[in-house]
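For reference, the chains in residue letters:
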Amino acid sequence: MTLLRLPARLLGGLMLPLLLGLTAFVVFGPLINLAMWAFTEQWFFPNRFPSQWGFAFWERVFRPRAGAWEALYHSVTVALAAVALSLALAIPAAYALARLALPLRSLIMLVFLLPQAFPNLPIFVNIAAMFYGLGLNGTLFGVVLVHSLPGLVYAVWIATAAFSAVDRSLEEAARNLGAGPLRTFLGVTLPQALPGLIAASIFVFLDSIDEFTGTYFVGTPDITTLPILMFNASMGGNYQIAAITALILLVPSVGFMLIIERFLKADVLARIGR
Amino acid sequence: MAALELENVSIRIGQARILNDVSLQVPAGSFTCLLGPSGCGKTTLLRSVAGFAPLSAGDIRIGDRSIAGLPPERRETAMVFQSYALWPHMNVGENLAYPLKLRGVSRGERERRVAAMLERLDLAHCAKRPIGALSGGQRQRIALGRALIIDPPILLLDEPLSNLDAAIRRTLRTELRDLQRRLGITTLMVTHDQEEALSLADRIVLMRDGRIIQVADPETLYTAPADLDTARFLGVDNLVPEGGATLAFRSTQAHAGPRALHAGLRRQGRVIDSTYAGGAWRIRLAVAELELTAMGEASLAAGTPAWISVPDHALMRFDAHRDAA
Ligand SMILES: Nc1ncnc2c1ncn2[C@@H]1O[C@H](COP(=O)(O)OP(=O)(O)O)[C@@H](O)[C@H]1O
Ligand SMILES: [Mg+2]
Chain A
0 MTLLRLPARL LGGLMLPLLL GLTAFVVFGP LINLAMWAFT EQWFFPNRFP
50 SQWGFAFWER VFRPRAGAWE ALYHSVTVAL AAVALSLALA IPAAYALARL
100 ALPLRSLIML VFLLPQAFPN LPIFVNIAAM FYGLGLNGTL FGVVLVHSLP
150 GLVYAVWIAT AAFSAVDRSL EEAARNLGAG PLRTFLGVTL PQALPGLIAA
200 SIFVFLDSID EFTGTYFVGT PDITTLPILM FNASMGGNYQ IAAITALILL
250 VPSVGFMLII ERFLKADVLA RIGR
Chain B
0 MAALELENVS IRIGQARILN DVSLQVPAGS FTCLLGPSGC GKTTLLRSVA
50 GFAPLSAGDI RIGDRSIAGL PPERRETAMV FQSYALWPHM NVGENLAYPL
100 KLRGVSRGER ERRVAAMLER LDLAHCAKRP IGALSGGQRQ RIALGRALII
150 DPPILLLDEP LSNLDAAIRR TLRTELRDLQ RRLGITTLMV THDQEEALSL
200 ADRIVLMRDG RIIQVADPET LYTAPADLDT ARFLGVDNLV PEGGATLAFR
250 STQAHAGPRA LHAGLRRQGR VIDSTYAGGA WRIRLAVAEL ELTAMGEASL
300 AAGTPAWISV PDHALMRFDA HRDAA
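Protein sequence lines, in the order shown, are assigned to chains A and B. FYI, numbering that gives the first Met the number 0 numbers position 273 of the first sequence as 272, with every residue one higher than the one before it. FYI, numbering that gives the first Met the number 0 numbers position 246 of the second sequence as 245, with every residue one higher than the one before it.
Since the hints were derived computationally from the structure, they do not count as laboratory data. This structure is a prediction, so every number in the text was calculated from the model and none was measured. Just so you know, not all the hints are guaranteed correct.
Claimed, not checked - Derived SDA-like pairs (lysine to any residue); straight-line CA-CA distance at most 25 angstroms:
| hint | chain 1 | residue 1 | chain 2 | residue 2 |
| --- | --- | --- | --- | --- |
| 1 | B | Lys-100 | A | Leu-189 |
| 2 | B | Lys-100 | A | Asp-166 |
| 3 | B | Lys-127 | A | Leu-13 |
| 4 | B | Lys-127 | A | Leu-185 |
| 5 | B | Lys-100 | A | Arg-261 |
| 6 | B | Lys-127 | A | Arg-261 |
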């Protein structure tokens, strides 16, 4: 028995690292390739590795006229504005939804999700046509609106879950002890739902930072964000520039999450430990 | 004078009639308990006073002022929730200070009153603790302190002790009673635990199916329940039909033994079994087609004949027609 079990156990012991390795390769493989391209000066086809490494393309990307700085600036402002706009609309909507009876709430939220099930290309083409009439094409505001569309759906969904999870007796205790409805919302409900709202804003931010299709139809050529820059570089066969832009794209994403996490730590972690 | 008065209050939610034509006067300074089986509408009644359960009909007054139309924040009733509802994003001191802050009390005054309240609750060392670091009993006391800190005219308690274990519950019960006496605050408390109601209240309001069945002091309620169902709810476990009426008594007040005692009710039967109940034996007897239970000094063997004797003062008589009403 034990003799038979030994190889099985050995196999089992090998299985896990093997699987982990495979997963890591699938997830990180393309990223490693990308990272290599970012530091490549020469890389010819059959070779597995670049023949010449260097920072030459970084210098080209950050040259003032190359547009990377402007694209970065656009990306970040648009993402922040999309977060602000989506949450400003989502918070009251989600609060109202969370207070609805359950079957009705689920129905409304499902309907809300419906446009997301649609292929978004025709939607963006239509939006672009509409925005053209309104003079919003090629404006930052127009791009913010386009980014807030999917952002709003995320935000409403996550915020509704967050508000539904707030114990109503906490709000009632505040009302009972003298707080009006608004005071109760700001002093009790909002702080209780904060972790969910922060999760929502992270989602909206990340979604906006690498949004491409909508920006392409509504923003270009006047507004260039990092994904647009990357697309242009890739189409021009300039993989180095595309790779470097992709790496730059990580900066605001990681930065935003770090700031939020730092901000979360004191307040929310204390609460999770409750 | 009634500090709090409910007049013909009815509450319907959809088709369900949760409260039916409830009228109640809560005397100033009294400790009044709402007692009744789970689901009979006690919490709903309490919430209607606090403004969280809109009335379908009737009126609620504090003193001579109607509060039925006021939003909760303007009713000046302080409620302790069954779950305590302490705000987890504030520490203990902040929880206590928040109601004062809402009333525009200055910072210095707030700190002074919070410190005084923590002192009174014997929790001075907990001021800076997060709510999550408190034990159940401490949470309960903070919830009580948060309600009392605004000096409310009416204190509402919804099963304040039911989430605690037995030992803490007894300590806090005494504490609650002392505090209420000392402050003289009109208190309305919900409980489904008759022992709690009997030991705490000076008036008990017995409820069933959204109605008030009886309002009485604890002793009257215990010895003279209004009807058979109430008697059963209050631990009356033996029923003997007699003519058109029913005689009822508690097994703890009846005696079982080989000989009959001088008593209002005496019956002979056979022992079914004896179980030790601490200090005495609980003896089940088959008397004709009835099964009765009484206490005896000694265990009796199953099948032996025995007498059950119930003193007059322990007997309650319920007429059949009144019971049906
Ligand atoms: N919001 C509500 N919607 C529908 N039914 C309710 C609601 N609140 C309470 N009830 C019903 O009203 C009855 C009384 O409830 P409650 O006042 O909580 O009783 P108790 O506190 O005596 O246990 C119960 O049958 C309960 O199911
Ligand atoms: Mg209840």
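Now the hints, each set against the structure:
no.: 1; hint: B/Lys-100 <-> A/Leu-189; in the structure: 18 angstroms, holds
no.: 2; hint: B/Lys-100 <-> A/Asp-166; in the structure: 22 angstroms, holds
no.: 3; hint: B/Lys-127 <-> A/Leu-13; in the structure: 51 angstroms, violated
no.: 4; hint: B/Lys-127 <-> A/Leu-185; in the structure: 22 angstroms, holds
no.: 5; hint: B/Lys-100 <-> A/Arg-261; in the structure: 29 angstroms, violated
no.: 6; hint: B/Lys-127 <-> A/Arg-261; in the structure: 22 angstroms, holds
In this structure, the earlier hints numbered 3 and 5 are contradicted, and the remaining ones agree with it.
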